[in-house]
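Chains as they are written, first to last, in our numbering: chain L, 11 to 122; chain V, 294 to 405.
Heads up, a few of these hints could be off.
BS3-like mimics (lysine-lysine), calculated; alpha carbons at most 27 Å apart, straight line [as the list claims (entries may be wrong)]:
#	chain 1	residue 1	chain 2	residue 2
1	L	K78	L	K117
2	L	K117	L	K65
3	L	K78	V	K350
4	L	K78	L	K121
5	V	K350	V	K306
6	V	K294	L	K64
7	V	K350	L	K114
8	L	K114	L	K63
9	L	K63	L	K117
10	L	K63	L	K78
11	L	K65	V	K294
Derived by calculation from the structure, the hints in this document are not laboratory data.
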Amino acid sequence: KNEVEQSPQNLTAQEGEFITINCSYSVGISALHWLQQHPGGGIVSLFMLSSGKKKHGRLIATINIQEKHSSLHITASHPRDSAVYICAVSGQYGGSQGNLIFGKGTKLSVKP
Amino acid sequence: KAGVTQTPRYLIKTRGQQVTLSCSPISGHRSVSWYQQTPGQGLQFLFEYFSETQRNKGNFPGRFSGRQFSNSRSEMNVSTLELGDSALYLCASRVAGSDTQYFGPGTRLTVL
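Working from the sequences, and respecting the hints, build out all of it.
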């Protein structure tokens, strides 16, 4: 079983829809990361969370430490949001923060 | 500040050859991590270097090695290339004590 599970694997939405991507993890961690990867490969760090909720523009990320679960929400989705969204955790078992364990990613396609 | 840079961006090699990839972190970042991304396995941690010392190593064979120089630039080497080594290799840098990693654009390696 993967230590980081994401759902759904694929998601197609119409422009303007509210989108939720979920992430569950099974180990103790120091932080959870949401990453965005566009075609071509470059990865951008969207959020780093150790508790609570963070918001940046139309993106909101939440984490529930007790339930080992995080969600990434996109409000008023737009075709430019089309990308792969990856959940990752760091500091597992009290180890190094430089070792990320990744989920398999969610491929989001937003249609105009 | 300039971002993380990786060279070369694309590389084609044949089985049995060796390859060296380079990563220059953001100025002031002393930690560099390397990751491999393949369609089958997704993103996987290779190793992390901090102040010229390897802090962590992922579950990869000894053909994969790396080093870090006093200016924090890092190289990874893969010897005796196999077809399965074809992948996108990403490096990421971070400030000591922070969980947030900044990714480079990656080197796409094709092994023929």
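Hinted pair L/K63 and L/K117, Cα distance within 27 Å: 23 Å, holds
Taking 27 Å as the top limit, are the C-alpha atoms of L/K114 and L/K63 close enough? Answer holds: L/K114 to L/K63 is near 23 Å, not above 27 Å.
Holds or violated: V/K294 to L/K64, with C-alpha atoms at most 27 Å apart: 25 Å, holds
Hinted pair L/K65 and V/K294, Cα distance within 27 Å: 24 Å, holds
Hint consistency between L/K78 and L/K121 [alpha-carbon to alpha-carbon, up to 27 Å]: Measuring from Cα to Cα gives roughly 32 Å; hence the hint is violated.
Within a Cα-Cα threshold of 27 Å, do L/K63 and L/K78 meet the stated pairing? Measuring from Cα to Cα gives roughly 14 Å; hence the hint holds.
Is the straight-line distance between the alpha-carbon of L/K78 and that of V/K350 27 Å or less? Roughly 25 Å between the alpha carbons, so the hint for L/K78 and V/K350 holds.
For a C-alpha distance cap of 27 Å, please report whether L/K117 and L/K65 respect it. 21 Å, holds
Check the hint pairing L/K78 with L/K117 against an upper bound of 27 Å on the C-alpha distance. Given pair L/K78, L/K117 holds - Cα atoms ~22 Å apart, limit 27 Å.
Hinted pair, alpha-carbon criterion (27 Å max): V/K350, L/K114. Please report holds or violated. 20 Å, holds
Is the Cα-Cα distance between V/K350 and V/K306 27 Å or less? Answer holds: V/K350 to V/K306 is near 25 Å, not above 27 Å.
Hint violations for this structure: number 4 only, all remaining hints satisfied.
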